[in-house]
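Residues per chain, in single letters:
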Amino acid sequence: MAFKQITSPHAHAAQSTSKVMQLVIWATIPGLIALTVHFGWGSLINVILATITSVIAEAVIIKLRNRPVDFYLQDYSAVVTAVLLGLALPPLVAWWVVVIGSLFSIVVAKQLYGGLGYNPFNPAMVGYVVLLISFPIQMTTWVTPLALLPEAVSHPGLLESLQIVFAGVSPADGVTGATPLDSFKYADGLLVDQIYAQDPLFSQAGIAGVGWEWVNIGFLLGGLILLGSKTFTWHGPIAMLATIALMSALFWDGGSSNSPGSPLMHLFSGASMMGAFFIMTDPVSSAVSNRGRLIYGALIGLLVYVIRAWGTYPDAVAFAVLLANFAAPFIDNYSLPRTYGHTDRRRATEKEEG
Amino acid sequence: MSDITAAEVAKNGLWTNNPALVQLLGLCPLLAVTGTLVNALGLGIATLAVLIGSNTIVSLIRNHVSDAVRLPAFVIIIAAFVTCAELLMKAYTYELYQILGIFIPLIVTNCAILGRAEAFASKQSVGMAAFDGLMMGLGFLAVLVALGGIRELLGQGTILADMQLLFGAGAADWVIRPFGDNYSFLVIILPPGAFLVTGFLIAIKNAIDDANKRRADAQREAPVKGAKRIRTTGHIS
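Chains as they are written, first to last, in our numbering: chain H, 1 to 354; chain W, 355 to 591.
Excised from the complex, chain H in its bound form (with noise of 0.2 Å):
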């Protein structure tokens, strides 16, 4: 009788590869359930294109490569970062944006890296900015909340929708619309009450922006899940809403016409709740050690806020990550725990004594 050789480490994980990330795509689903409340069809027919160019993508460079392609798709690693590009594009873009987009992620900031494991960036974020700096037209148009659509307009039905997207049918007028950061961001010269007294998009919101905060809960929903679930640490997430909402308070000045907003609006706008418990968590480019996320995550918070608040774009959380990125290597290096039986803790390149 033979018995196969299998090398250590011979604990049995209740969590492989494959798990996890199955399990990341279904914590999406409430988030994805939101946008598809509020913004129609769009984004789920941007998810099912983009986890079908990236799973073509990777099999096609899989096998270039000569790995097994059977062995590196079931890792579903793929179908995660095409669902994660897919939620983050705008609904109803046309579909040559979300397939350029995917192709970019799968094989350009993925595989031409190595594949999963060795991608330094977040292959989704870097798909997400090629577009908007390439295609800031596509990008920057998002569609009207249900709850503020023009009378005797609704949201196109799926086939419509698919029109839309594939045949470059235009949309019915008021059905596309600005973001909640962009209004607040162009709104010049009025005091933040102001803004939410004129603007449609706060003075029918609960707490941050119509749709957008269902958006949000929808993702810290998710995030929670994974999180109970142990698939991440709190650390990097609650470091990163943290200085978002310390950064908000600090500069919020009372409301004035210079504010940049309130913490709340920050935290339940934009990609926040996406970025921090589904975009920041992936465990291949961010910082590894708890006290590393930490820092990692007070670094993404804090360049979010910068960016948003000061800089030109109105939302930033792609641009945070891949800078954030960028330093993880760094991070680690001075963030290296205390190895069981040393006294201090060392940096990774400290040479030995002797």
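Just so you know, the hints here were simulated from the structure itself, not pulled from any lab data.
25 Å max Cα-Cα, derived DSS-like pairs, lysine-lysine: (1) Lys-477(W) to Lys-365(W); (2) Lys-19(H) to Lys-230(H); (3) Lys-365(W) to Lys-559(W); (4) Lys-567(W) to Lys-63(H); (5) Lys-63(H) to Lys-19(H); (6) Lys-559(W) to Lys-63(H).
Reference excerpt, derived from the structure (chain W facing chain H, CB under 10 Å, subset only): (7) Leu-540; (8) Ile-542; (9) Leu-550.
Even glycine gets a Cβ: it sits at the ideal position worked out from N, Cα and C.
The hints should help you fit chain W onto chain H, whose structure is shown.
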């Protein structure tokens, strides 16, 4: 020291030791001006002319300048040729000169040129040095043109746009728009696109080299007929 043949010089300049793809020298102009084919061609030709001139003169004075001051001497020679190129471009292709701007005077700092002066021209005969300048320049020009062409096509969807800047008014209608009038893919025109496309070009060159090497190895290691080998260890695979 003229133990190098003209064929080797040519192969070195154009392929095995290509200044842009292998030595990775002169990346600054390479990345900065290759947004369109015409810019790349303009800068490539200027660099080519400077390289031939500087290599020739450096080779001519190689026995008369002491080692201690050779680098300043080389730089002065190169700077003189760059000034000539700049004035010529100002005279004949003024609009292109304005577009390329600082990158024409910056040819002085192109390490590929100083590198060739130091590593080759200062040790070789005049003819060989001039030929090396031509081949290295052509190698650099070829990469610039490939990069400019690819980025122009992918980035703004045109081929041969604005060629009137270099070839006179008659060339204005050479432009081809294979993807229609509204095409644009900004990231390729922006600096990241330059790095991406350069990376792909280097990868393609390496892939070709690897394939050639593998083919050569395969031919060399063909087993001799009738030879017997005894395997003493276990399974290898």
